[in-house]
Every structure is written in C-alpha cells, then in structure tokens.
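Start from chain A and add chain B according to the hints.
In order, the protein sequence lines correspond to chains A and B.
Residue numbering for the first sequence follows our numbering, starting at 4 and increasing by one per position.
Residue numbering for the second sequence follows our numbering, starting at 4 and increasing by one per position.
It is worth saying that the hints were derived from the structure and are not from the lab.
It is possible that some hints are incorrect.
[Said to hold, decoys possible] Here are the simulated distance ranges between beta carbons:
#1 A:Ile266 to B:Ser165: 42 to 52 angstroms
#2 B:Pro159 to A:Asp379: 23 to 33 angstroms
#3 B:Ser165 to A:Gly239: 44 to 54 angstroms
#4 A:Ala22 to B:Met46: 21 to 31 angstroms
#5 A:His194 to B:Asp150: 11 to 21 angstroms
[As the list claims (entries may be wrong)] One side only, chain A facing chain B, incomplete, derived with CB under 8 angstroms:
#6 Asp10
#7 Arg12
#8 Leu13
#9 Asp14
#10 Glu16
#11 Ile17
#12 Leu19
#13 Ala22
#14 Glu23
#15 Leu24
#16 Trp25
#17 Ala28
#18 Val375
#19 Thr376
[To be verified] If you want a taste of the chain A side facing chain B, the calculated C-beta under 10 angstroms gives, among others:
#20 Ser20
#21 Ser27
#22 Ile266
#23 Glu268
Just so you know, even glycine gets a beta-carbon here, dropped at the ideal spot from N, CA and C.
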Amino acid sequence: MNPTMPDDRLDAEIRLSLAELWDSAGTSAPSLDDMSRRLSHRTGVHRWHGVPNPAVIIALGMLLTAAIGFAIIGSSAPRPVVVVPGPTPSINSTTPSTMPHANGPIAVGSWFHLIDPGTGSSSDADRCPDCWLGDADWSPDGSTLAFVRTYAGSSDALWTWSPGADNAKRLWTCEIARCSIEHPSWSPDGHAIVLETMIGMFEDTDLVIVHPAGGSTTIPKGSLRAVGYPSWTPDGRILFTAYPEDGAAFATMEQDGTDMRIIREFPTGAPGPAALSPDGRSIAYLQVTHGPKSEPGIGPQGQRKLGLWLIDVSRTGDPPRLLWQRKNCCVGAGTGGPEWSPDGTMIAIIAIQPDPSSEPPGDTMSLVNVNVTTGDSLVLGHADPYMPAWRPVP
Amino acid sequence: MSITTQDESGRADSIAEAGIEEFVAVHYDRLIRLATLVCRDQMDSADAVQSGLEQAWRKRHTLRDETRLKPWLDRIIVRAAIRTSRRRGSLLGQLLRGRPSVDWIEPIVDERPQLDLRQALRRAILDLSADQRAVVVLHLHLGYSVDEVADLVGAPRETIRSRLRLARTHLRDSLQETER
Numbered sequence: 004m005n006p007t008m009p010d011d012r013l014d015a016e017i018r019l020s021l022a023e024l025w026d027s028a029g030t031s032a033p034s035l036d037d038m039s040r041r042l043s044h045r046t047g048v049h050r051w052h053g054v055p056n057p058a059v060i061i062a063l064g065m066l067l068t069a070a071i072g073f074a075i076i077g078s079s080a081p082r083p084v085v086v087v088p089g090p091t092p093s094i095n096s097t098t099p100s101t102m103p104h105a106n107g108p109i110a111v112g113s114w115f116h117l118i119d120p121g122t123g124s125s126s127d128a129d130r131c132p133d134c135w136l137g138d139a140d141w142s143p144d145g146s147t148l149a150f151v152r153t154y155a156g157s158s159d160a161l162w163t164w165s166p167g168a169d170n171a172k173r174l175w176t177c178e179i180a181r182c183s184i185e186h187p188s189w190s191p192d193g194h195a196i197v198l199e200t201m202i203g204m205f206e207d208t209d210l211v212i213v214h215p216a217g218g219s220t221t222i223p224k225g226s227l228r229a230v231g232y233p234s235w236t237p238d239g240r241i242l243f244t245a246y247p248e249d250g251a252a253f254a255t256m257e258q259d260g261t262d263m264r265i266i267r268e269f270p271t272g273a274p275g276p277a278a279l280s281p282d283g284r285s286i287a288y289l290q291v292t293h294g295p296k297s298e299p300g301i302g303p304q305g306q307r308k309l310g311l312w313l314i315d316v317s318r319t320g321d322p323p324r325l326l327w328q329r330k331n332c333c334v335g336a337g338t339g340g341p342e343w344s345p346d347g348t349m350i351a352i353i354a355i356q357p358d359p360s361s362e363p364p365g366d367t368m369s370l371v372n373v374n375v376t377t378g379d380s381l382v383l384g385h386a387d388p389y390m391p392a393w394r395p396v397p
Numbered sequence: 004m005s006i007t008t009q010d011e012s013g014r015a016d017s018i019a020e021a022g023i024e025e026f027v028a029v030h031y032d033r034l035i036r037l038a039t040l041v042c043r044d045q046m047d048s049a050d051a052v053q054s055g056l057e058q059a060w061r062k063r064h065t066l067r068d069e070t071r072l073k074p075w076l077d078r079i080i081v082r083a084a085i086r087t088s089r090r091r092g093s094l095l096g097q098l099l100r101g102r103p104s105v106d107w108i109e110p111i112v113d114e115r116p117q118l119d120l121r122q123a124l125r126r127a128i129l130d131l132s133a134d135q136r137a138v139v140v141l142h143l144h145l146g147y148s149v150d151e152v153a154d155l156v157g158a159p160r161e162t163i164r165s166r167l168r169l170a171r172t173h174l175r176d177s178l179q180e181t182e183r
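Chain A with its partners taken away, still in its complex shape (with noise of 0.2 angstroms):
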C-alpha cells in the first residue's frame, strides 16, 4: 500500500478496513426488558464503568448544586404537569420523558407544560401522574384535559384529567389492534370528544366521537379512502380532512357522517392538520413544500419548507394566504398544530427542523406562536411533536 495512493484507492482500503470494522461491531438486540431496565436507570448524562474517580465527588457536588440552581429558576429539564389559572390563557405543550411502565415494556410519551404564550415561561402548579401522552386538548372551560395515553405495543386511549385531581381517568380505549389515537377535540359545547384512530401506519383511519359521559360512535366514512385531523366548528359540525381516491379535501360533516360539504380540495400534495379559527371564519393548515435541489445547504430531496397556511372561509376560491414559513424543515407536515389562541390572534403550531448550529448538532422541535395579523413568531421552547393546545381560562 503506497501513502501516496490516489483518493480512490485510498477510499478502496479505507471501505475494505471499515468492512472489517463493521463485522466485529455487531452484536445481539437486548430484550426489551433489558432496554427498559436501563431506560430506567439511565443517569442522562453518564452510564458509570467501573470504580468512580474520586474526583468524582467534587463533580457530583457541583452537578447537585447546579441541578438545584437549574430547579430553581426553570430548566428545560422534562417536569410533570403544570397547571398556572392566571388570567392569560396558557398553552399546554409537551416535553420527551420515556419511563418504564407497570403495564408494559415501555411506556412512550410526555410531560405535560402549561406554557405563558407571551414569553415562553412555565410554573408549576400541580402535577397530573399518568400524563404519558400524545395529542391533547382542553375543554371548552378549561377545567378538564383530554389526552391520549400510548402504550409501546398496544393500542392507545384516551384519558381525561382535572387540574387538582391526584388520577387521570381513562376514558375510552381503541379495541383495534394496533391503534393510535390522534387529534382528540373537544365540541364548544364540552358534551362530545371527537379524535381520530389509525390501524397501523395509514392502513385505516376512522373519525370517532367520545362522550365523557359513556359510549361512543365512529362516524361512517362513505367511499372515502381515510379520513383525519378532526375539529369542529362553532355551530358543531365536524371539520376534518378527507381523502378521496386521489388528493385531499378539507370538508365538514354531521356528526353522524351526513351533509358532507368540501371547504376546499388538494388534489395533489398532502396537507397537514387544519384548524378552524374560533369566529368560524379562517381554517389555518400546515403544509410541507420541497423547494429547488439548487439552492446551497439542501439535501437531495430538495428543500423543505413547512408553512402556515390560511383560507378564508368564506372565499375558499382565493389562494392561501402564507402566514409564517420555516425553511430546511422536516418531512411531514403533521407534527403538532395549528391551534387557534381562543381570541383567535394567535397560532401555536409545533414546527421540526434540523439544527446544525446547536451543539451537539441535532433536530429541534420547537413550540412557536404565530401572531395571525403579522405573521411575526415566538419560540415558545422545546416540544415534542404532539399537539400544543391553549387552555382556555377557567
């Protein structure tokens, strides 16, 4: 081998080399209690080998210090839930915890954040124990969280919790193998739930309305394909997305499936979730779009942009409005939002980007407020990609 090889031979022994590494880095998947043992006791920052330096005792000293220092003025650390009854309503948001559970392997989801929408702050108030969760929404008062439980494994439910209370309660579980719970919604007048399930990955989607006083009933989809991101609209009928054969339509319903009227069709593209604003009179939407390979810093799939989109009700022939965009961002569109302010002046939407100038580089998915008459946005914090929801004042 001659050290002054051309770059491709080089690159040949460099690849046969790292073959050979390749081979002798494998080994066996641990089981998943052995994953969920060390989820367990994982420290966060350092899995320890052997006997600790001593100087280690002066490093924990100052890393306790600092924690309580971090505790006391708020960090970004995953914290249980927190409830703030100011006058000012509050987004709820949702940090990454994964935590052993007793009833599975592993149970996946979050704490919950009540977020101060103007600057980003949290207190903490109260702490619901079971809020492992994916997507969530108040009730119409404020006075009751309705969230999806996950389960590694099994199929999700939904559970609902009221600030002060010690226990969430379940409400309704998905029978379906292999179900997910998405985009659970409160009706205005805090009677019915109405969310959407998911068998598998896109296999079959049903829109189902809960009623936290018992029962509940999947509206009939007709020939539609799949069906999601339900919501309502002020005079309670169902806003959601329905996709035909080909394309999409944002349309609303019944609630029993009947008097279907599109809003507006995409018959091409995929739109995210949409959210009609609280005067019934725009429907805000998040939407990925690729931008051209040639721009410098994209990767081979070309820019992605996700965008916040508005529709004026009542002209649904205008093009969308583009309220707020973020270049360089994620592959799907469906992460978390829109959701309305209850005065209808802002937007909070959960947005994904890669983030090369963080350190270590990695993803962020951030919590942002989008002010609906400038477009100007707040990052509100770190979240992960579930649905952010405003707690109305109670």
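Relative to the frame of chain A, chain B by itself:
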C-alpha cells in the same frame, strides 16, 4: 392522520406497523454497528442506539414518508453516537469515567512492528474524531452521497467535504508513518 405521496413499498419496515419490539429487532444490528464505528466503544454505542431508538420511537409520528425510514434512523443514531462520543471526551466525561475496576494489568506487547498496513488503517480510522469517523462511515461504507451525509449529520456540504479531506489526510499520514 397523515398521508404520504410517495411509494409505500417500505411498509414492512414501518415503525407503527411493526411495534417497538419488532422495530428494535429489525434495525438493532445495523444501527449498533454504525454507532460502534462512530463511538469506538460497544457500551457507548449501546447507549447511543438505545437513546436513538427511544428518540425514533417517540418521533415516529414525524416520519411521514416511510421510504425514508433507513436514512431517518441513521441520522438519529449517528447524531446520538457523535453526542455520546463528544460527551465521553469532555472534561466532565473523563472525571465521571472512573478507574477500571480491575487492579491488575496485562503485560502489553508492542504490536507496532507487526502491524500490517490494513491494521494500521483500522487503527487510524478509530483515531479519527467522532465527527470525521461518522462522515467516513456514512459516505464510504454505507454509500450515502456527500449531500445525504450533510443532511444526516446536520452540517453544511462544505463541512462534510472538509471532514472527508481531513480524514483522508490523517489516514494517509498514518500509513506513511507505519511504513517508516
């Protein structure tokens, strides 16, 4: 509910369909090899893969195009491995690392004169920084293009080219030194 506009032929590998147990079984071996090459340490790589899989499972709803599952996973794992490796090399990491739990030492045989060039190359690869090693593994072993590597590790294309260039220079120098 979300949809994908692209080919769904990768459905058998889908995260939601498989469930986490099958998901781990299918992908663990490849990912642990990738992480080990970046981290150099099997325990660290197990940590990186575990935290990466945990992250992947948690973010599974964000993957709307199933045909992108493999690069999506590779991106999460390689970044987790780089993070683990950097953390290990930090001052705090070294402080926390602790002493070996054995109190005897194997006699060390100087293998240097017996090293062939391929062995030297393997050692030199492991001497690269985690950032450089990740780029070398992704580009030269897993076959990702420079643009794809840039997307995976979250760095500009020119940075990736620079890391490749520096890695090649280092590996060449190592070979030259071995031949002396």
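Structure-based check of all given hints:
1. A hinted range of 42 to 52 angstroms for the beta carbons of Ile266 (chain A) and Ser165 (chain B) is consistent with their spacing of about 50 angstroms.
2. At about 28 angstroms, the beta-carbon gap between Pro159 (chain B) and Asp379 (chain A) stays in the expected band of 23 to 33 angstroms.
3. Against the hinted window of 44 to 54 angstroms, the Cβ-Cβ separation of Ser165 (chain B) and Gly239 (chain A) comes to about 60 angstroms, which falls outside the hint.
4. Judged by the Cβ atoms, the range 21 to 31 angstroms given for Ala22 (chain A) and Met46 (chain B) holds: they are separated by roughly 23 angstroms.
5. A hinted range of 11 to 21 angstroms for the beta carbons of His194 (chain A) and Asp150 (chain B) is inconsistent with their spacing of about 53 angstroms.
6. The beta carbon of Asp10 (chain A) comes within 6 angstroms of a beta carbon in chain B, closer than 8 angstroms, and the hint placing it at the interface holds.
7. For Arg12 (chain A), the interface hint is violated, since its Cβ never comes within 8 angstroms of a Cβ in chain B; the closest pair sits about 11 angstroms apart.
8. A least Cβ separation of about 6 angstroms between Leu13 (chain A) and chain B falls short of the 8 angstroms threshold, and the interface hint therefore holds.
9. Interface hint status for Asp14 (chain A): upheld, as the beta-carbon distance to the closest one in chain B is roughly 6 angstroms, under 8 angstroms.
10. Of the supplied interface hints, the one on Glu16 (chain A) holds, with its beta-carbon coming within about 6 angstroms of a beta-carbon of chain B, less than 8 angstroms.
11. The criterion of a C-beta within 8 angstroms of any C-beta in chain B is met by Ile17 (chain A), whose closest approach is roughly 5 angstroms, and the hint holds.
12. Because the smallest distance between the Cβ of Leu19 (chain A) and any Cβ of chain B comes to about 7 angstroms, under 8 angstroms, the interface hint for this residue holds.
13. Interface restraint check for Ala22 (chain A): the shortest CB-CB distance to chain B comes to about 7 angstroms, inside 8 angstroms, so the restraint holds.
14. Of the supplied interface hints, the one on Glu23 (chain A) holds, with its beta-carbon coming within about 6 angstroms of a beta-carbon of chain B, less than 8 angstroms.
15. Taken as an interface hint, Leu24 (chain A) checks out: its beta carbon lies about 6 angstroms from the nearest beta carbon of chain B, inside 8 angstroms.
16. The beta carbon of Trp25 (chain A) comes within 5 angstroms of a beta carbon in chain B, closer than 8 angstroms, and the hint placing it at the interface holds.
17. Proximity of Ala28 (chain A) to chain B holds as hinted, the smallest CB-CB distance being about 4 angstroms (cut-off 8 angstroms).
18. A distance limit of 8 angstroms between C-beta atoms decides the matter here; for Val375 (chain A) the minimum to chain B is near 24 angstroms, and the interface restraint is violated.
19. Using the Cβ-Cβ criterion of 8 angstroms, the hint placing Thr376 (chain A) at the interface with chain B is not satisfied: the shortest such distance is roughly 29 angstroms.
20. A hinted interface residue such as Ser20 (chain A) counts as satisfied when its beta carbon comes closer than 10 angstroms to some beta carbon of chain B; here the least separation is about 4 angstroms, so the hint holds.
21. Hint status for Ser27 (chain A) relative to chain B: holds, with the closest Cβ pair at about 9 angstroms, below 10 angstroms.
22. Residue-level restraint check for Ile266 (chain A) is violated (minimum Cβ-Cβ distance to chain B is 17 angstroms; threshold 10 angstroms).
23. The beta carbon of Glu268 (chain A) comes no nearer than 14 angstroms to any beta carbon in chain B, farther than 10 angstroms, and the hint placing it at the interface is violated.
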